[in-house]
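One letter stands for each residue in the lines below.
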Amino acid sequence: MLREMLVLFIVLLAGAIAGVMSARWAADHPTLAGAARAGAWQAWPDAGVADAMPYARLRYYLDGALPPSPVDRLELLALRDDDGKALVSDCDYELQGRMLPVRSWIMSVHAVHGGPASALLHAEDAVLEPDGSVRVRLGRQVQPGNWLALPPDDGRLRLVLHLFGISPLERERILKRAPFSIRRGKCA
Amino acid sequence: MMRLFYWIGVFLLGAVVAHLVFVLIMPKYEARALVGRLHQQLGVNAFTPLQGPLLRRLVRHPLPDATYGACVLDISTQQATILRGPALRAPWALTVHSPRGDVIYAITDRHVPAGTIDIRFEHRPPAENGIIALPRMQQRQLVVPLTVPRAVMVLEVFPWHPGQVRLVRDLVSELQCRSVPLASDAGAAGAAANRAGNATTATDAQPRQPMPRARPQRAPAP
Numbered sequence: 001m002l003r004e005m006l007v008l009f010i011v012l013l014a015g016a017i018a019g020v021m022s023a024r025w026a027a028d029h030p031t032l033a034g035a036a037r038a039g040a041w042q043a044w045p046d047a048g049v050a051d052a053m054p055y056a057r058l059r060y061y062l063d064g065a066l067p068p069s070p071v072d073r074l075e076l077l078a079l080r081d082d083d084g085k086a087l088v089s090d091c092d093y094e095l096q097g098r099m100l101p102v103r104s105w106i107m108s109v110h111a112v113h114g115g116p117a118s119a120l121l122h123a124e125d126a127v128l129e130p131d132g133s134v135r136v137r138l139g140r141q142v143q144p145g146n147w148l149a150l151p152p153d154d155g156r157l158r159l160v161l162h163l164f165g166i167s168p169l170e171r172e173r174i175l176k177r178a179p180f181s182i183r184r185g186k187c188a
Numbered sequence: 189m190m191r192l193f194y195w196i197g198v199f200l201l202g203a204v205v206a207h208l209v210f211v212l213i214m215p216k217y218e219a220r221a222l223v224g225r226l227h228q229q230l231g232v233n234a235f236t237p238l239q240g241p242l243l244r245r246l247v248r249h250p251l252p253d254a255t256y257g258a259c260v261l262d263i264s265t266q267q268a269t270i271l272r273g274p275a276l277r278a279p280w281a282l283t284v285h286s287p288r289g290d291v292i293y294a295i296t297d298r299h300v301p302a303g304t305i306d307i308r309f310e311h312r313p314p315a316e317n318g319i320i321a322l323p324r325m326q327q328r329q330l331v332v333p334l335t336v337p338r339a340v341m342v343l344e345v346f347p348w349h350p351g352q353v354r355l356v357r358d359l360v361s362e363l364q365c366r367s368v369p370l371a372s373d374a375g376a377a378g379a380a381a382n383r384a385g386n387a388t389t390a391t392d393a394q395p396r397q398p399m400p401r402a403r404p405q406r407a408p409a410p
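In order, the protein sequence lines correspond to chains E and F. For the first sequence, counting from 1, position 49 maps to 49 in the numbering used here; every step adds exactly one. Add 188 to a position in the second sequence, counting from 1, and you land on the number used in the numbering used here.
Hints listed in this document are in silico derivations from the structure and should not be mistaken for laboratory results. Errors might be hidden in some of the hints.
[Unchecked claim] To give an idea of the chain E side of the interface with chain F (calculated C-beta under 7 Å), a few residues:
{"id": "1", "residue": "S22"}
{"id": "2", "residue": "W25"}
{"id": "3", "residue": "R57"}
{"id": "4", "residue": "D63"}
{"id": "5", "residue": "V71"}
{"id": "6", "residue": "A123"}
{"id": "7", "residue": "E124"}
[Stated by the list, open to error] With a straight-line cut-off of 25 Å between C-alpha atoms, the simulated DMTMM-like cross-links for lysine to aspartate or glutamate are:
{"id": "8", "chain 1": "E", "residue 1": "K85", "chain 2": "E", "residue 2": "D131"}
{"id": "9", "chain 1": "E", "residue 1": "K176", "chain 2": "E", "residue 2": "D131"}
{"id": "10", "chain 1": "E", "residue 1": "K176", "chain 2": "E", "residue 2": "D51"}
{"id": "11", "chain 1": "F", "residue 1": "K216", "chain 2": "E", "residue 2": "D51"}
{"id": "12", "chain 1": "F", "residue 1": "K216", "chain 2": "E", "residue 2": "D63"}
{"id": "13", "chain 1": "E", "residue 1": "K176", "chain 2": "E", "residue 2": "E94"}
{"id": "14", "chain 1": "E", "residue 1": "K186", "chain 2": "E", "residue 2": "E129"}
{"id": "15", "chain 1": "F", "residue 1": "K216", "chain 2": "E", "residue 2": "D46"}
{"id": "16", "chain 1": "F", "residue 1": "K216", "chain 2": "E", "residue 2": "D28"}
{"id": "17", "chain 1": "F", "residue 1": "K216", "chain 2": "F", "residue 2": "E310"}
{"id": "18", "chain 1": "E", "residue 1": "K186", "chain 2": "E", "residue 2": "D63"}
{"id": "19", "chain 1": "E", "residue 1": "K176", "chain 2": "E", "residue 2": "E4"}
{"id": "20", "chain 1": "E", "residue 1": "K176", "chain 2": "E", "residue 2": "D90"}
{"id": "21", "chain 1": "F", "residue 1": "K216", "chain 2": "E", "residue 2": "D82"}
{"id": "22", "chain 1": "E", "residue 1": "K85", "chain 2": "E", "residue 2": "D154"}
Here a beta-carbon is modelled for each residue, glycine too, at the ideal position from N, C-alpha and C.
Work the whole structure out from these sequences, hints included.
See the structure below:
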């Protein structure tokens, strides 16, 4: 009887661990967590509202933060380049995009688990190409034009594009079209 | 064979229950714990600029140039909370979270009249027919009815350019979050009328922040 109870406990515990692991995996999976995806970028624009998808909300709480405001702003996140390879600090990247129809934007580089930005670029400071597009280079070595320095320690990165002052009409359009392409250059 | 199916069933039952509890209950529990910690660390009805680990608990991707602040609103006992301060001269966003973590109110600088910040939070539970009160302008004061007696307000200010960071931090440090009696509407309206005059003066005054840097110009093609 005691042995039966012990086995029951172990099997239930193993099931509980599997259940928690699967929940974490689902929260990290953009499709299951209800992310809006555009190219390499993804966003959870409604994670803060009362009827948000539970996995989208869980994603924020696993990072230990409250979900952001759904009004007037958007946070787009890129963890991989256009070829699906993870963003890492020992590679160079080139981002090409257009000026967005928003009041302002800031691009920032973070460690993969979040935390404070290690480098950022304001829309006000962005140098435009002759055709009006924006090209941003990411790397450890100084580069001409818009350059975001990558941290010296090896590791995965997340790129965040903060958009402010978004018209409700533009919001859906922004979520459907990738604001910047992300191409990997040479790696150390 | 039946015994194997039995144990697989037990395993799946444990997995499904744990999965559902983790997804549906953990965020609410985490949110309540976070609000409780904020209550302990910040007190109630006091505006506090956020830095360090506390900032990372509230904002997922904090920006070095941005300035953040929070105030735990306690409007449960016949009192309102007022957020008041100077015009911040930069884009800002204010978000109010319920104790469950939901965003129950959000506003940005584009949605309020220019000039000083003057927002009053009041507790107004939904009526019996389910109708909830809506925010309104009273003189130049924005009155925001909240359906919960306690909430967390997070303010984020994003300077236009790096040269404006220090000014924005100074302005944010002047913000006040304090409780006032709920019945003092008349007095508040009079004070708001006085402030309206001051706000006009402040708007007309010369901006104190340095102007944005000139955008680099490309050399003309030879």
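Comparing the hints with the structure gives:
{"no.": "1", "hint": "S22", "verdict": "6 Å, holds"}
{"no.": "2", "hint": "W25", "verdict": "10 Å, violated"}
{"no.": "3", "hint": "R57", "verdict": "5 Å, holds"}
{"no.": "4", "hint": "D63", "verdict": "5 Å, holds"}
{"no.": "5", "hint": "V71", "verdict": "4 Å, holds"}
{"no.": "6", "hint": "A123", "verdict": "9 Å, violated"}
{"no.": "7", "hint": "E124", "verdict": "5 Å, holds"}
{"no.": "8", "hint": "E:K85 / E:D131", "verdict": "29 Å, violated"}
{"no.": "9", "hint": "E:K176 / E:D131", "verdict": "23 Å, holds"}
{"no.": "10", "hint": "E:K176 / E:D51", "verdict": "22 Å, holds"}
{"no.": "11", "hint": "F:K216 / E:D51", "verdict": "13 Å, holds"}
{"no.": "12", "hint": "F:K216 / E:D63", "verdict": "14 Å, holds"}
{"no.": "13", "hint": "E:K176 / E:E94", "verdict": "21 Å, holds"}
{"no.": "14", "hint": "E:K186 / E:E129", "verdict": "23 Å, holds"}
{"no.": "15", "hint": "F:K216 / E:D46", "verdict": "16 Å, holds"}
{"no.": "16", "hint": "F:K216 / E:D28", "verdict": "18 Å, holds"}
{"no.": "17", "hint": "F:K216 / F:E310", "verdict": "23 Å, holds"}
{"no.": "18", "hint": "E:K186 / E:D63", "verdict": "31 Å, violated"}
{"no.": "19", "hint": "E:K176 / E:E4", "verdict": "54 Å, violated"}
{"no.": "20", "hint": "E:K176 / E:D90", "verdict": "30 Å, violated"}
{"no.": "21", "hint": "F:K216 / E:D82", "verdict": "35 Å, violated"}
{"no.": "22", "hint": "E:K85 / E:D154", "verdict": "15 Å, holds"}
When each numbered hint is compared with the structure, violations occur for hints 2, 6, 8, 18, 19, 20 and 21.
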